[in-house]
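S.K.: Chains as they are written, first to last, in the working numbering: chain A, 10 to 355; chain B, 10 to 355; chain C, 4 to 352; chain D, 4 to 352.
Treat the hints loosely; a few may be bogus.
Claimed, not checked - Below are the DSBU-like pairs computed for lysine-lysine, each with C-alpha atoms no more than 35 Å apart in a straight line:
1) B:Lys48 / D:Lys176
2) A:Lys48 / A:Lys72
3) A:Lys353 / A:Lys313
4) B:Lys280 / B:Lys353
5) A:Lys72 / C:Lys176
6) A:Lys72 / A:Lys205
7) C:Lys176 / A:Lys48
8) D:Lys176 / D:Lys147
9) B:Lys48 / B:Lys205
10) A:Lys353 / B:Lys313
11) B:Lys48 / B:Lys72
12) A:Lys353 / A:Lys280
13) B:Lys280 / A:Lys353
14) A:Lys280 / B:Lys205
15) B:Lys280 / A:Lys313
16) B:Lys205 / B:Lys280
17) B:Lys72 / A:Lys280
18) B:Lys353 / A:Lys313
19) B:Lys72 / A:Lys353
20) D:Lys147 / B:Lys48
21) B:Lys72 / B:Lys205
22) B:Lys72 / D:Lys305
23) C:Lys176 / D:Lys176
24) A:Lys280 / A:Lys313
25) C:Lys147 / C:Lys176
26) B:Lys72 / A:Lys313
27) B:Lys313 / B:Lys353
28) B:Lys72 / D:Lys147
Worth flagging that the hints you see were computed from the coordinates, not collected in a lab.
Each chain, letter by letter, is given below.
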Amino acid sequence: MSNSILESGTPGTEAAATVMSMQQALNRALDEVLAENPKTVIFGEDCGRLGGVFRITDGLQAKHGTQRVFDTPLAESGILGMSVGLAMAGFHPIPEVQFDGFAYPAVNQIVCQIARMNYRSRGTLPMPITLRVPSFGGIRAPEHHGESLEALFAHVPGLKVVSPSNPHEAYHLLKYAATRPDPVIFMEPKSRYWQKGEVDTDSADAGGGAPTGAKVMREGRHLTLVAWGAMVARCLQVAELAAEDGIEIEVLDLRWLKPIDAASLAASVRKTRRAVVVHEAPLTSGLGAEVAQLITQACFSTLKAPVERVTGFDVPYPSGDLEDEYIPNIDRILFGIQRVLEYKRG
Amino acid sequence: MSNSILESGTPGTEAAATVMSMQQALNRALDEVLAENPKTVIFGEDCGRLGGVFRITDGLQAKHGTQRVFDTPLAESGILGMSVGLAMAGFHPIPEVQFDGFAYPAVNQIVCQIARMNYRSRGTLPMPITLRVPSFGGIRAPEHHGESLEALFAHVPGLKVVSPSNPHEAYHLLKYAATRPDPVIFMEPKSRYWQKGEVDTDSADAGGGAPTGAKVMREGRHLTLVAWGAMVARCLQVAELAAEDGIEIEVLDLRWLKPIDAASLAASVRKTRRAVVVHEAPLTSGLGAEVAQLITQACFSTLKAPVERVTGFDVPYPSGDLEDEYIPNIDRILFGIQRVLEYKRG
Amino acid sequence: MDTLPLAASGGDAGPLSAAELRRLYSLMVAVRHLDTSAIAWQRQGIIPGYAPELGQEAAQVGSGYAVDTTRDFVFPTYREMGVARTMGVDMVGYMSTHKATWHGGLYDPAASRLAPIQAVVGGSVLHAVGWAHGQTLAGPADGKLGVALTYFGDGASSQGDVHEAMNFAAVMKAPVVFFVQNNGWAISVPTERQVAGGSVAARAAGYGMPALQVDGDDVVAVVDATRRAFAHARAGHGPVLIEAMTYRRGPHSTSDDPGRYRSLDEERDGAGVDPLERLRQRLLADGIADEAFFAEALVAAKAEEEQIRTGIQALGPRPGAEMFDLVFQETTPALQAQAAHWREESEHV
Amino acid sequence: MDTLPLAASGGDAGPLSAAELRRLYSLMVAVRHLDTSAIAWQRQGIIPGYAPELGQEAAQVGSGYAVDTTRDFVFPTYREMGVARTMGVDMVGYMSTHKATWHGGLYDPAASRLAPIQAVVGGSVLHAVGWAHGQTLAGPADGKLGVALTYFGDGASSQGDVHEAMNFAAVMKAPVVFFVQNNGWAISVPTERQVAGGSVAARAAGYGMPALQVDGDDVVAVVDATRRAFAHARAGHGPVLIEAMTYRRGPHSTSDDPGRYRSLDEERDGAGVDPLERLRQRLLADGIADEAFFAEALVAAKAEEEQIRTGIQALGPRPGAEMFDLVFQETTPALQAQAAHWREESEHV
Ligand SMILES: Cc1ncc(C[n+]2csc(CCOP(=O)(O)OP(=O)(O)O)c2C)c(N)n1
Ligand SMILES: Cc1ncc(C[n+]2csc(CCOP(=O)(O)OP(=O)(O)O)c2C)c(N)n1
Ligand SMILES: [Mg+2]
Ligand SMILES: [Mg+2]
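Chain A on its own, in the form it takes in the complex (with noise of 0.2 Å):
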């Protein structure tokens, strides 16, 4: 049972600072909640004995009991409409998709109960529930276990999107959103969960900022980069090799991508006045429209240049032998950055 929380040690006796990968993180963040909440249930395919095939859940059963985490047969629809049925029972449940690709037969569920039941129940019945996805692409896996759904998400009215970058990130947002009492949908970036990264579990949200908004992961005047999940880190990359080249860029992780910190999105685009937003989803209708057209709203007599979108193709998500030409990559980052700096108004 690597990286488990049974390894880690109980929560709060290690030194505030450790470092750790975002499975790992994530594991301990579920392991907090679960002990701090009783109300609080863990359930999917795969999560209770063998720990999810991500491990994330890991050690929970055991530590925790087959009440509190458990099997369900094989029905994403039966696991998000029974996460309904435990919250109006006064549960806060946890359910995981085994994949963002196999979160699409539990649409139904999502965004006609889920989203809706507070509203619905003129708020009498609140859908507490925190529904961890594994999304994006980038670990070369079989068809459906790539996908990128937030702009799905983020268009339903009655649910909260969050997406972690790193594993700092992903303990704090994981505990904030599994306490809060709306439904939230907690995009983990499954390129991301074995990176490794220094984690302050003493802070609320250690490195400033409220766990609600967007946050600037590098400081810039140049230009903004807006990135979520696993582009984040790439962004950063790109912001390094920039550097080299005397552009100073700032890289802003969105974090929740609803609702979206417009505030934060405008305040960077003011000082910097020109913007690229990168996404691993397909380009048309993906949250770089609204991100890009949030931006314009609010920075357009400021704007250099047409806020550019660097993201995946309007295609299906290929197949490993494709990824790397699919995932914007740094090159395609740095071309996006180079058309803003370089335009010139017709």
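Chain A is already provided as a structure; the job is to place chains B, C and D with the ligands on it using the hints.
M.R.: This is chains B, C and D with the ligands only, laid out in the frame that chain A set:
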């Protein structure tokens, strides 16, 4: 059997230009498609004997037989999944989802199967499926009967999406869509079903413009209003009102929501230098963001103001009593236009 | 049809007393009168639409009667007015959904133990399973579990969610009673083109779950079956399926025209004897009630309908601000901004 | 378990001849060898992942053997390599999906009569129903209908789509054979926590559909059951469900670690006798084949595997332009623009 093809006679025997409702125009288009292509089959809940709850398939079973037009059990995923198999067997299925809100249970089959089978099979298993979805609000209907799914569908690679705004468009776009070799989501504005208009059945697309692009419904030079479905008629009303104040508004019926006719958007706004996009769907991550961003990208240096969006709110579609507060009404569209016209660079 | 036996025999309750039978009659009359009146309301423009349950009063009143609102929870569709009335739900709040005041109705679902009215066919069946599983998580079964009672139709039985619900419930031994009103029709589609094999109850055995097929027009039989099913589930033996065989005597809804898909002859044959009339005859034959009682019950039903109608007519539209305020428990800045914007533009006018 | 009887008795084919039995053995050895080799390929870095079918050779070869590729059509999951091999599908094209060359594989599904490899659990079961319904639309049943054979697992049986498929097929009398490989596991979840009631075959009666539960490790029994089911469906009597009881002897996939959820003892007990060994003993006992034949079959299997491996190793990545070109039959200007943009930026580099 009012409004049925049984009453309106054999296709082709009438004068080319006739006044009919959108329901009649759609019914006639389906009748002709059934007559022209023996591989066409129509099915869904209550499509057969009843002729559909909106009577769009009225009389078709009686005329073309229960093999060509039939009722299915009550399961949308079943209906769409079955369409995939029929397409693989060489048929051109035209399934109906009874109301927009009941497309959600079929999202898995639509996104993961219909949209991807041509790609997955390397073009050897095309999916000529025309999915008819009575769409949008405005009829004081029960919950889930007034959804706007265009942003979701437009984001899915492998789908094409179209919505007609009047009987003439309905007739031609459906005939066009139902003869394509690719999957098309055909979004019918249910609040317009009973509105009559002139339909010129003679020309392939009488009125100008390729059936794949957007269409200028009214010319103007001060501002472009972009809309689709039921909002086109409302925007034409707005343009009429604005004209009284000397404001000449160009109304662009987007028609195809995927692929979007970016060239026509650019051509119009390059002339008018101002744009407002109107839709019923919630604001955030709606298709308005994509339209706005496409315009901004193409016309950044000529735009006088950021593109404005007048849309539904980020709330679940409300009950009939509040419907008029939710759907963009004439006043809200006029306010949007005013904001653009009065915009001052900060 | 092969069905598995129930593990627990009957509830604590013995056979229905005369008073209980009279009470069932009164409930059925109240429901019948409100139901037929609601169609008139629609014709008069008081409400924009309604889904009548004419002919299903015995199935609804009988099953609702078995509910213990101190511990059970009920998950209706859009057609369970009779269940709501039997459970004592605020009927102005209930009917308000048909006035297009608020999707789901204005009654308090948590306090009423009746989930909001559900328009997605099959949509709430899984909710019942989750709620019921929650009862077992709260502690070991002591024969006193709260039971989830979930309603759905023959048409809904075709939905994947209903299968997932039955399988989940049976695997987890959740205390759920699946109550199918097989009323012969799903809008225009008859059961034989909908339910392969002809019976929803016959599906239960495949999940290792007991089922009861019951004459849904016999209120006493329905009460009895539901009580037995509740006892089984309450004792921790897992789910039970009840298929109440009945008939949708009216249109699917006020905008439906059954003449397009079934003849009056077919209707007469399919419907059989009116369940209300059946109970009346029984009470008369057994000397449990007389014409005076029936007349009194009708007067009460009329008074009740009038009160509800008055309430419905007095109901104004909800303030538009609720559109924004009720989305979340914790609202968002984006939503607040939209609400402010909406307020500004609507006050302008 | 109650099951309904089949309407048509057996196919035209009599009992399997000695030559056929030897052919089945050769196929099973070829499949076994390719399957175990593919795990080695993954360890050697030739392919990134694989889902082995160790122990399911009899179920797959036996059922695939009953297919008539001139008129039937087969809908696999991600684990039906043995079916593909039995049907004569191009195995380099088939295995290419595991090399991450192309989702669904490079073989021609239309020509091979094998739908693309399917990763969505339960995803293609409804496709089989649609395809099969298409056969009945093409004209009246003359006892010669093409049959859709659809594979899925015990885990998949929980999916709503599978229920919808069974109900649709039974209502429409579509010529479908639902072939469940109940291999005891869905990744880490055993059948008893997955399939309420314990048997997928037991579900069929609820749809008025015949079912056959068969020893999935006995290739002769599987061929026989599948032929009987095909004959029933081909004659226009509607769908049949076959549940082949077998065992997933290996990990779920090359990234799975079964040691986390089942012990070696459990594996040994669950797996029983190896299906390949069972056939070998039978052929020996009946004097149908000898050690020389077995040795020869293995040599052939090894040669075949080597050829496939060479093909796989020679397989380069597909040209990136295919990402764009294969989305639609009729491409769009927007997609062409993206393709042009992509080409420009990737050539730049
Ligand atoms: C998921 C879904 N699909 C379609 C509909 C439209 N619709 C409303 S009621 C109905 C028929 C339901 O039949 P049944 O389940 O037998 O219930 P009944 O109306 O007879 O009470 C249909 C198709 C819906 N409300 N939800
Ligand atoms: C809709 C969906 N949900 C989840 C998964 C992830 N997944 C892949 S295989 C599998 C188990 C399938 O079990 P079973 O149907 O018994 O087939 P087996 O793997 O045993 O052949 C799961 C959960 C998936 N591929 N598709
Ligand atoms: Mg019904
Ligand atoms: Mg299995």
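S.K.: None of the hints should be skipped; say for each whether it holds.
M.R.: Each hint, compared with the structure:
1. B:Lys48 / D:Lys176: Distance of about 20 Å is within 35 Å: holds.
2. A:Lys48 / A:Lys72: 16 Å, holds
3. A:Lys353 / A:Lys313: 8 Å, holds
4. B:Lys280 / B:Lys353: Distance of about 19 Å is within 35 Å: holds.
5. A:Lys72 / C:Lys176: Status holds; Cα separation ~23 Å.
6. A:Lys72 / A:Lys205: 24 Å, holds
7. C:Lys176 / A:Lys48: 20 Å, holds
8. D:Lys176 / D:Lys147: 14 Å, holds
9. B:Lys48 / B:Lys205: Distance ~30 Å between lysine 48 (chain B) and lysine 205 (chain B) Cα, so the pair holds.
10. A:Lys353 / B:Lys313: 17 Å, holds
11. B:Lys48 / B:Lys72: 16 Å, holds
12. A:Lys353 / A:Lys280: Measuring from Cα to Cα gives roughly 19 Å; hence the hint holds.
13. B:Lys280 / A:Lys353: It holds: about 20 Å lies between the C-alpha atoms, which stays within 35 Å.
14. A:Lys280 / B:Lys205: 53 Å, violated
15. B:Lys280 / A:Lys313: 22 Å, holds
16. B:Lys205 / B:Lys280: 32 Å, holds
17. B:Lys72 / A:Lys280: 67 Å, violated
18. B:Lys353 / A:Lys313: 17 Å, holds
19. B:Lys72 / A:Lys353: 62 Å, violated
20. D:Lys147 / B:Lys48: 20 Å, holds
21. B:Lys72 / B:Lys205: At roughly 24 Å apart (the allowed maximum being 35 Å), lysine 205 (chain B) and lysine 72 (chain B) satisfy the hint.
22. B:Lys72 / D:Lys305: Distance of about 60 Å is beyond 35 Å: violated.
23. C:Lys176 / D:Lys176: 33 Å, holds
24. A:Lys280 / A:Lys313: 11 Å, holds
25. C:Lys147 / C:Lys176: 14 Å, holds
26. B:Lys72 / A:Lys313: 62 Å, violated
27. B:Lys313 / B:Lys353: 8 Å, holds
28. B:Lys72 / D:Lys147: 28 Å, holds
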